[in-house]
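These protein sequence lines are chains A and B, in that order.
Last residue of the first sequence: 212 (the numbering used here), numbering continuous.
Last residue of the second sequence: 1654 (the numbering used here), numbering continuous.
Hints are computed from structural coordinates only; laboratory data are not their basis.
Yeah, the Cβ is synthetic: ideal placement off N, Cα and C, and Gly gets one too.
It is possible that some hints are incorrect.
[Unchecked claim] Among the chain B residues that face chain A by a calculated CB cut under 7 Å, a handful are:
(1) M1513
(2) L1515
(3) F1518
(4) T1522
(5) N1531
(6) P1532
(7) M1544
(8) G1589
(9) I1592
(10) I1595
(11) K1604
(12) V1621
(13) R1638
(14) T1648
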Amino acid sequence: MASKRRGLPEINAGSMADIAFLLLIFFLVTTTMEVDSGILRKLPPWPEKDVETPEIHKKNIFVVLINKNDKILSGIGSATKKVEVYKNGNISSSLKDDIKKFVNNKGDVNGDGVFDNRPGSDMNSSDSPQEAVVSLQNAKKTKYKTYILVQNELTKAYNELRNEKSILEYGKEFGLLDSDKQNTIKNYYPMNISEADIKKEEDE
Amino acid sequence: MSKFKKGEGKEMPAISTASLPDIVFMLLFFFMVTTTMREIEELNPANPPHATQIRKMEQKSLVANIYIGIPPKWKQDILGNNNPRVQLNGQDFSTQEISSPGDEINPIIQEFIEEFKATKTQDEIPQLICSIKVDENATMGTVTAVKNELRKNHFLKINYTTTKDDD
């Protein structure tokens, strides 16, 4: 029993748990687990002076207009069709379906200026997915909530188109493809979203 | 008579609490590793809208944050209106203060972007993203003003922060 008498008195470790708990609570409070997530967009560059914006034919523009009272209108060339927003905050799927139909119209894929007359395609809708532009217009008083609702539908339309193409071509979902193949599909369905005023070329 | 007579001399042994600190330390380390400190306090708390088609932001260090929120009641009384406020780093501004007419570049946003870019390497600059966290009740006038200033500064990759909403 010699060692017990000569050694230092044992430090009481009973409070160790309390200290650890204190630290634990501090980290619990300051921690933010959620990862920042959202809708990614690439803004168009600011127009340089003396550079003419290219004119786009009316039939290649799908207009989505959100007015100051958060009412949504859509249509090819000009916004004519009302899009319903339900009381529970959901939007009518007609907007998404219309955009998909418009982008996938393929009226004049080879670009010779002559309507291809393919079954199911419309003469007064887009020439090809690459040329199709969705023009998003909003008022200053438009609520951000409505704007995101429309942006979400737009993204959904393109995501579905890309996914359908991916399954058709490669038999796999878009998200599972390697980046080369993803880029091929992205180039086939580029997300052309214009948020500025576009010059419209009038019909002859 | 009964085989299981109560109080037959033996008592329940006390559960040893010696391993309690170990368990707590384990939890502590987990939270220490996963934690990301809130860098700046939101001056005007923004409640972003819901969306379904969302993507996760991979590298937090490459993200510049802009907050647009409706000022709280006491601040509205001082300002005299409830217009959305734009927060850059620890300071908030009105829409007029951060937007310039025409092709003019607004000095406040320019400084914010230059300051952010200065801390990044040359390879990282093309990957930088600006995350805009906007309150769902804010008006688009403010958001468009911020977007236009970003475009003037050639900062084109943006992210509209939304919360996940399963459909």
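Here is how each hint holds up against the structure:
1. M1513: violated (10 Å)
2. L1515: Where the cut-off is 7 Å and the nearest Cβ of chain A is about 5 Å from B:L1515, the hint holds.
3. F1518: holds (4 Å)
4. T1522: Since chain A brings a Cβ to about 4 Å from B:T1522, closer than 7 Å, the hint holds.
5. N1531: violated (14 Å)
6. P1532: It is violated, given that the least Cβ distance between B:P1532 and chain A is near 14 Å, above 7 Å.
7. M1544: Holds, because the Cβ-Cβ distance from B:M1544 to chain A comes to roughly 4 Å (cut-off 7 Å).
8. G1589: Violated - the Cβ of B:G1589 stays beyond 7 Å from chain A, reaching only about 10 Å at its closest.
9. I1592: violated (9 Å)
10. I1595: violated (17 Å)
11. K1604: Since chain A brings no Cβ nearer than about 16 Å to B:K1604, farther than 7 Å, the hint is violated.
12. V1621: holds (5 Å)
13. R1638: Holds - the Cβ of B:R1638 comes within 7 Å of chain A, reaching about 4 Å at its closest.
14. T1648: holds (4 Å)
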